[in-house]
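K.L.:
Here are the chains, one letter per residue:
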Amino acid sequence: MKVKSLADLKKIKSDVQQKIKLREQGANAENIVQIKVAMATCGIASGAKEIMNFIIEELDFRGLDGIVTQTGCMGYCYAEPTIEVVLPGKEPVVYGFVTRDKVMEIIDKHVMKGELVDGIIPVSYKTIDE
Amino acid sequence: MNQLSLHILDIVQNSIKAKATLIEINVDENPAKNIYSIEIIDNGNGIEPEFLKTIDNPFTTTQTTRKVGLGIPLLKQNAEQAGGSFEIKSEPGKGTRLKAVFLHSHIDRPIMGDIAGTMTILIASEMHIRFIYRHSTPLSDFEFDTDEVNHELEGTPINHPDIIKALKSLINENLDMIEATLT
Chain A
715 MKVKSLADLK
725 KIKSDVQQKI
735 KLREQGANAE
745 NIVQIKVAMA
755 TCGIASGAKE
765 IMNFIIEELD
775 FRGLDGIVTQ
785 TGCMGYCYAE
795 PTIEVVLPGK
805 EPVVYGFVTR
815 DKVMEIIDKH
825 VMKGELVDGI
835 IPVSYKTIDE
Chain B
5 MNQLSLHILD
15 IVQNSIKAKA
25 TLIEINVDEN
35 PAKNIYSIEI
45 IDNGNGIEPE
55 FLKTIDNPFT
65 TTQTTRKVGL
75 GIPLLKQNAE
85 QAGGSFEIKS
95 EPGKGTRLKA
105 VFLHSHIDRP
115 IMGDIAGTMT
125 ILIASEMHIR
135 FIYRHSTPLS
145 DFEFDTDEVN
155 HELEGTPINH
165 PDIIKALKSL
175 INENLDMIEA
185 TLT
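Top to bottom, those sequences are chains A and B. Counting in the working numbering, the first sequence runs from 715 upward without gaps. Counting in the working numbering, the second sequence runs from 5 upward without gaps.
Since the hints were derived computationally from the structure, they do not count as laboratory data. Heads up, the beta-carbon is just placed ideally off N, CA and C, and yes, glycines get one too. Please note that a few of the clues may not be correct.
Claimed, not checked - Covered stretches of chain B, as calculated for chain A (at least 3 residues, CB under 8 Å):
id, segment
1, 12–23
2, 66–73
3, 144–158
4, 170–176
As the list claims (entries may be wrong) - So the derived label-pair ranges between C-beta atoms look like this:
id, chain 1, residue 1, chain 2, residue 2, range
5, A, 731, B, 69, 36 to 42 Å
6, B, 21, A, 802, 49 to 55 Å
7, A, 806, B, 152, 34 to 40 Å
8, B, 93, A, 733, 29 to 35 Å
9, A, 814, B, 101, 17 to 23 Å
Unchecked claim - Chain B is faced by these chain A residues, among others (derived, beta-carbon under 8 Å):
id, residue
10, 731
11, 766
12, 783
13, 787
14, 800
15, 807
16, 810
Construct the entire structure; sequences and hints are all you get.
P.N.:
Printed below as a string of structure tokens:
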């Protein structure tokens with residue numbers, strides 16, 4: 715549906731509220747995945763914006779609840795776009811060189827089944843001068 | 005960086021880091037004066053005069069994770085390459101105002117690109133910040149204010165995927181109506 719004005723927006727508001735109610739009954743609000751996309755100059759120049767929009771679409775397409783937000787540069791400029799995935803109760807995992815295909819793999823395996831996939835930047839990684 | 009919408013997404017991160025609660029983005033298209041300008045105004049912490057002097061130096065950054073900061077130098081370079089100008093003014097404690105002017109007809113003026121996508125990422129990620137986006141063309145003006153949107157939504161989260169989709173459509177339809185030059 716085309717939304718042209720705030721009045722149009724108001725019309726879809728009640729549908730959304732209905733959806734939220736249904737989901738809240740099914741899932742625990744704390745039980746959802748959090749994905750942060752590094753959105754500094756390095757990330758943006760490497761396509762982080764497209765990746766973030768794609769993650770939002772893919773989670774929605776699969777009917778998964780998730781919080782997708784932006785974050786600053788994590789220092790892995792060479793590996794942008796980078797994303798941080800946090801499953802409830804688990805340690806954060808950072809993936810580098812994220813493409814659309816990688817997003818699908820991360821959602822299918824990591825987010826849905828808890829299996830780690832290739833492309834993780836190890837937490838022990840330090841830059842040379844540290 | 006080959007789109008103004010990406011530069012905007014990048015530069016606004018500085019305003020977010022400066023703890024702004026109001027960020028205004030003004031785009032002005034004026035083919036008669038051969039101008040395409042973007043202006044970003046925030047009410048954040050502002051920049052100390054000493055730091056401001058070297059703000060367009062790539063080795064000036066507040067980052068701790070790396071030693072270079074390319075956001076402002078890249079925008080400045082693009083503006084100057086497109087026959088335009090770049091200006092940044094700031095007052096500590098009050099906020100910062102940045103303006104990049106491009107020649108409308110210049111072959112090196114980056115396209116605006118997906119500005120609706122930029123705005124929805126910012127809106128969904130920084131829900132505590134009020135964003136105002138204004139775009140004016142010779143035909144008309146469009147103003148988008150997250151305060152007005154939140155008022156209409158009456159508590160429905162603005163970052164819900166369906167709302168994001170609707171806001172993207174709202175911005176694109178309105179920019180289409182005022183015949184904004186995005187590509």
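K.L.:
Taking the numbered hints from earlier one at a time, note which ones the structure violates and give those numbers from smallest to largest.
P.N.:
6, 8, 9, 14, 15, 16
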